[in-house]
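Chemist: One letter stands for each residue in the lines below.
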Amino acid sequence: MKNLKQTNRRNFIKKTTLATTGIISTTLPVRSFANVLDNKKLKLALVGCGGRGSGAVVNALSADDQVELVSMADVFQDKLDSSLKAITDHFDGRKKIKVKEKNKFIGFNSYKKAIDEADVVILTTPPGFRPYHFEYAIKQNKHVFMEKPLATDPVGIRKVLDMAKIAKEKKLSVVVGLQRHYEKKYTTLHNMITQGNIGKITSGQVYWNDGGVWVNQRQVGQSELEYQMRNWYYFNWICGDHILEQHIHNIDVANWFIGSYPKSAQGMGGRQTRTGKEYGEIFDHHYVEFNYNSGAVISSQCRHQKGCDSRIDEVFQGTKGSVELGKGVITDLRGKELYRYPSVLGQEANPYQVEHDEFFKSIRSNDIISDAENGAKSTLSAIMGRMATYSGKTVTWDEVLNSDHQIMPESVDWDTTPPSLPDENGFYSIPKPGVTKFST
Amino acid sequence: MFAQEENYQLKLPGTNHSLDMVFIKGGVFTMGSPSHEKGHQQDESPQKVIEVESFWMASTELTWNLYQHFIDRDIDNINLEKKDEELMSLDIDAISGATTPYVDMSFGMGTEDFPAIGMTQKAAVQFTKWLSAMTGNFYRLPTEAEWEYACRAGTQTAYSHGDSPLDLDQYAWFKDNSQGKYQKVGQLKPNSWGLYDMHGNVAEWTLDQYEPGVYKKLNRIRWNRPSKTYPKSVRGGSWMDDGIHLRAAARMGSNPEWKKRDPQLPKSEWWHTDAPFVGFRIIKPHKTPKKKQQEIFWTTK
Chain V
2 MKNLKQTNRR NFIKKTTLAT TGIISTTLPV RSFANVLDNK KLKLALVGCG GRGSGAVVNA
62 LSADDQVELV SMADVFQDKL DSSLKAITDH FDGRKKIKVK EKNKFIGFNS YKKAIDEADV
122 VILTTPPGFR PYHFEYAIKQ NKHVFMEKPL ATDPVGIRKV LDMAKIAKEK KLSVVVGLQR
182 HYEKKYTTLH NMITQGNIGK ITSGQVYWND GGVWVNQRQV GQSELEYQMR NWYYFNWICG
242 DHILEQHIHN IDVANWFIGS YPKSAQGMGG RQTRTGKEYG EIFDHHYVEF NYNSGAVISS
302 QCRHQKGCDS RIDEVFQGTK GSVELGKGVI TDLRGKELYR YPSVLGQEAN PYQVEHDEFF
362 KSIRSNDIIS DAENGAKSTL SAIMGRMATY SGKTVTWDEV LNSDHQIMPE SVDWDTTPPS
422 LPDENGFYSI PKPGVTKFST
Chain E
6 MFAQEENYQL KLPGTNHSLD MVFIKGGVFT MGSPSHEKGH QQDESPQKVI EVESFWMAST
66 ELTWNLYQHF IDRDIDNINL EKKDEELMSL DIDAISGATT PYVDMSFGMG TEDFPAIGMT
126 QKAAVQFTKW LSAMTGNFYR LPTEAEWEYA CRAGTQTAYS HGDSPLDLDQ YAWFKDNSQG
186 KYQKVGQLKP NSWGLYDMHG NVAEWTLDQY EPGVYKKLNR IRWNRPSKTY PKSVRGGSWM
246 DDGIHLRAAA RMGSNPEWKK RDPQLPKSEW WHTDAPFVGF RIIKPHKTPK KKQQEIFWTT
306 K
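These protein sequence lines are chains V and E, in that order. So the first sequence is numbered by the numbering used here: it starts at 2 and just counts up by one. So the second sequence is numbered by the numbering used here: it starts at 6 and just counts up by one.
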């Protein structure tokens, strides 16, 4: 708990009265006072020093002058070192980047120590770890920016949902890296669709089809756990498959525009072209129908296959017209264009920066952002889709929300045996529709 | 074939894709523009007389059809017909490859016969090295001087068809006629040397560092070899530009903002998330440089 000077308290009351009507400031929990000091230096921790985490630190430091990176955590020393170098190089002297040696933490439990040092934390490890890191950060009263997805299994999701509630009660700001929510084209079109410009959404198609992502080959001398951690995209306990890791963006947009979460999912998927052992256990394509209470059906497809058409997009049809988010176009039932978002390719605001601008503004003004619940439910939607394509069965929201299905171990250290292990030839067991069970 | 100073067709082995290579006879031309040219910018002067050696230039901008094979690296292992002994030792596995981008780099504008865009200059240069290894012939990007020489096709006017922007839509895709996106290559009229879309459609990478005052030094150097990543020189203007930026003499420098929305750090060496207007075309010099020289053309900062 930080001390509060009288002048700052007055300032706080003035600010919150302006920012949040209807809340009597004196009834706020005392803890929230600590967050509204106008010029208070905010200490930042990075947990998960990959490319996205390093990029998020740059966004955070660019969002607010009074933010200082104080601590970093990663499982691997080389990741932490290269991250710090990339951040330092990026600012090239324009900002002093100095993380004390004693605040560089290595190992599976390093996140706790890094979080302890900070006011604000960035959680950007692979998603399997997120629920545990988020839980600790909220228990320690930290504001959180975290990347999607928020878990890889339903048990993790329930943890995130519990903590999301507590974060709200504690007045902690939580921003999730579903950055379309911070992109002007999307927010503009969302407003128009909410106002009924295409009537009621009855169907839609969402896509993440492209050639796939990086792969890191097994190195001599690596333990199985280290190999999986370094090649994490292809292992479900850490990654959750690409329907979750990337396609969540598009599924989330469907939920957002429809205004609810799917009640059930059924679909198909498999692994046809990306079959090498270095691709672990995930599918290279999924196709899912998400059914909503309103009767709306969303067709969701994601594909990681080279040489095929690429498309990353969301399209919705309503009772009065349709909207294509990629193009930013609304058309009526005759196909006549009614609206085109005036974007100039290459000149839009950077949503990865906007989400941090809003995040730090919310911390400063105590007008908190609470993205975690939606982030968790959109993550759960994608997990539901994965369970549907793996099992070949219809999976309902209630089943998946209440499922004890757990692929992420409660805690991980270097003695942990990974949940998926290779056979004698180095291949992993691949889910088989009709055979693989989704335990509820 | 290459001694004959004739056009030829480059076939990408293992695919049905080809590129028409137009022979451009070397010569002397005046680079830059006079101050009275409408739209003239300071960086286009002083005008300088420059000598250019003969080369072949692709008649069109490079399309996704070909570039995708460089991203996917799916045809590297087919049997290659090596023609040039200088290149026998070029190991295709040692040529670094572009990473798969995290977003659809065509931005939904189409891929079949559309120009590839958004690659960094390093990526474009590595493509030429990869193509050289694939075909056994030496390819590279044009220098600014070579590019402008080919664009002008013997003219001294603002555009190769004349000074009037009114005729531009017969030759070029630009802001007024592009409908907010790039267009398939080679659909409009070529210049008198048979090169399509030199003006407009996508702006094209050259080998040079962009330096506004470089023409003052041009007698001594014909290639302003880069010493740093930014800015590099891009020519021809694009589907996003006003006609005036498509002039043969118009120059533009790349900048870090072209990676603004790349969420990773370090940002990708291979992709410009915010430059959907930049592509390239390849050339093959008439005289193949020595092995050591070749590497210089393929090395980027």
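Hints in this document: simulated from the structure, not taken from any laboratory. It cannot be assumed that every hint is accurate.
[Stated by the list, open to error] Covered by chain E, according to a simulated footprint, are these stretches of chain V (three or more residues, beta-carbon under 8 Å):
| hint | segment |
| --- | --- |
| 1 | 95-101 |
| 2 | 166-175 |
| 3 | 210-218 |
[Said to hold, decoys possible] With a straight-line cut-off of 20 Å between C-alpha atoms, the simulated PhoX-like cross-links for lysine-lysine are:
| hint | chain 1 | residue 1 | chain 2 | residue 2 |
| --- | --- | --- | --- | --- |
| 4 | E | K43 | E | K53 |
| 5 | E | K186 | V | K96 |
| 6 | E | K53 | V | K86 |
| 7 | V | K41 | V | K97 |
| 8 | V | K328 | E | K189 |
| 9 | E | K265 | V | K185 |
| 10 | V | K86 | V | K97 |
| 11 | V | K186 | E | K186 |
[As the list claims (entries may be wrong)] Sample of chain E residues facing chain V (criterion: CB under 7 Å; computed from the structure):
| hint | residue |
| --- | --- |
| 12 | D109 |
| 13 | R227 |
| 14 | P271 |
Beta carbons are placed, not taken as given, at the ideal position from N, Cα and C, and that holds for glycine.
Chemist: Against this structure, judge whether each hint is valid.
Modeler: Quick rundown of the hints versus the structure:
1. 95-101: Violated: only 0 residues of the segment 95-101 of chain V have a Cβ under 8 Å from chain E.
2. 166-175: violated (count 0)
3. 210-218: holds (count 5)
4. E/K43 <-> E/K53: holds, 19 Å
5. E/K186 <-> V/K96: Distance of about 38 Å is beyond 20 Å: violated.
6. E/K53 <-> V/K86: violated, 44 Å
7. V/K41 <-> V/K97: holds, 17 Å
8. V/K328 <-> E/K189: holds, 19 Å
9. E/K265 <-> V/K185: Roughly 16 Å between the alpha carbons, so the hint for E/K265 and V/K185 holds.
10. V/K86 <-> V/K97: The hint holds at about 12 Å.
11. V/K186 <-> E/K186: holds, 17 Å
12. D109: holds, 5 Å
13. R227: Violated, about 31 Å.
14. P271: holds, 5 Å
In this structure, the earlier hints numbered 1, 2, 5, 6 and 13 are contradicted, and the remaining ones agree with it.
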